[in-house]
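Colleague: Given the sequences, and given the hints that come with them, work out the whole structure.
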Amino acid sequence: MSTAFGQTIANDHRAVYQLRDQYVAALDKGKKQELAKLLMWNVARHVTTEEILVHPLCVKFLGTELGGKLAQFDGEGHAEVKQNFLKLLDSGATPGSMEFDGALEKALGDLHRHNDSEEASDVPTLEKEMSATQAQELAQAIENAKAFFVPSRFDRSAGDQITEKALRIALTTDSGALGKDLISFLGIPQPENIN
Numbered sequence: 001m002s003t004a005f006g007q008t009i010a011n012d013h014r015a016v017y018q019l020r021d022q023y024v025a026a027l028d029k030g031k032k033q034e035l036a037k038l039l040m041w042n043v044a045r046h047v048t049t050e051e052i053l054v055h056p057l058c059v060k061f062l063g064t065e066l067g068g069k070l071a072q073f074d075g076e077g078h079a080e081v082k083q084n085f086l087k088l089l090d091s092g093a094t095p096g097s098m099e100f101d102g103a104l105e106k107a108l109g110d111l112h113r114h115n116d117s118e119e120a121s122d123v124p125t126l127e128k129e130m131s132a133t134q135a136q137e138l139a140q141a142i143e144n145a146k147a148f149f150v151p152s153r154f155d156r157s158a159g160d161q162i163t164e165k166a167l168r169i170a171l172t173t174d175s176g177a178l179g180k181d182l183i184s185f186l187g188i189p190q191p192e193n194i195n
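The sequence shown begins at 1 in the UniProt record's numbering and counts up one residue at a time.
Keep in mind that a hint or two might mislead.
As the list claims (entries may be wrong) - Calculated cross-link-like contacts (lysine-lysine; reagent style DSSO-like; alpha-carbon spacing at most 30 Å):
| id | residue 1 | residue 2 |
| --- | --- | --- |
| 1 | Lys-31 | Lys-128 |
| 2 | Lys-82 | Lys-37 |
| 3 | Lys-37 | Lys-87 |
| 4 | Lys-180 | Lys-82 |
| 5 | Lys-165 | Lys-37 |
| 6 | Lys-37 | Lys-128 |
| 7 | Lys-146 | Lys-87 |
| 8 | Lys-165 | Lys-60 |
| 9 | Lys-106 | Lys-165 |
Hints are computed from structural coordinates only; laboratory data are not their basis. These figures come from a predicted structure and were not determined experimentally.
Modeller: Printed below as a string of structure tokens:
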């Protein structure tokens, strides 16, 4: 049975899939552009939050061998997804064009496979080692992290609008560089491997 942590991860994944469906259904090019940015933003936020909050717990609860490999494998999947999004932004293709939509579908297909593996294997493996209280606290921290990941943190002039500059920075900033700030923002103990 999934804990609050597992459900939070699954809910974040489903939110991305819903944005993808809204993007596909949108007829207006401006709306497509807005939804594409929102979709990529949510993925950047989610994967960075996992890297900062979940990966250290993989090592803590599963040990450096299994937990370290799991975190490394997960991080490599995240890096690939972010690189796919950056290539898409660099391509100059516009949302709604065949080039953009084809590349977006490929990136999201890779992400979906990654998420399925995470939900079927990684999350349950970690959940088995956590208490219900620990899982609830982690789920709450993941939810609270959403308030940290605002466009103005990455582009001061963005306000609450997802600018291309904010999106690019969110996709390229190393999670280690944000780790201390996020942990401080959340008011939780610092994981051992965040410098």
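Colleague: If you draw a straight line from the CA of Lys-37 to the CA of Lys-87, is it 30 Å or shorter?
Modeller: holds, 14 Å
Colleague: Given the hinted pair Lys-31 and Lys-128, is their alpha-carbon gap at most 30 Å?
Modeller: With Cα atoms ~42 Å apart, Lys-31 and Lys-128 exceed 30 Å; violated.
Colleague: Please verify whether Lys-82 and Lys-37 have alpha carbons no more than 30 Å apart.
Modeller: The hint holds at about 13 Å.
Colleague: Hinted pair, alpha-carbon criterion (30 Å max): Lys-37, Lys-128. Please report holds or violated.
Modeller: violated, 35 Å
Colleague: Holds or violated: are the alpha carbons of Lys-146 and Lys-87 at most 30 Å from each other?
Modeller: Holds. Lys-146 to Lys-87 sits at ~25 Å (cutoff 30 Å).
Colleague: Compare the distance between the alpha carbons of Lys-165 and Lys-60 with 30 Å, and conclude whether the hinted pair is satisfied.
Modeller: violated, 35 Å
Colleague: Holds or violated: are the alpha carbons of Lys-165 and Lys-37 at most 30 Å from each other?
Modeller: Holds, at roughly 11 Å.
Colleague: Between Lys-180 and Lys-82, does the CA-CA distance stay at or below 30 Å?
Modeller: holds, 21 Å
Colleague: Quickly compare the C-alpha distance for Lys-106 and Lys-165 to 30 Å and report which way the hint goes.
Modeller: holds, 23 Å
Comparing the model with each numbered hint stated earlier shows that hints 1, 6, 8 do not hold.
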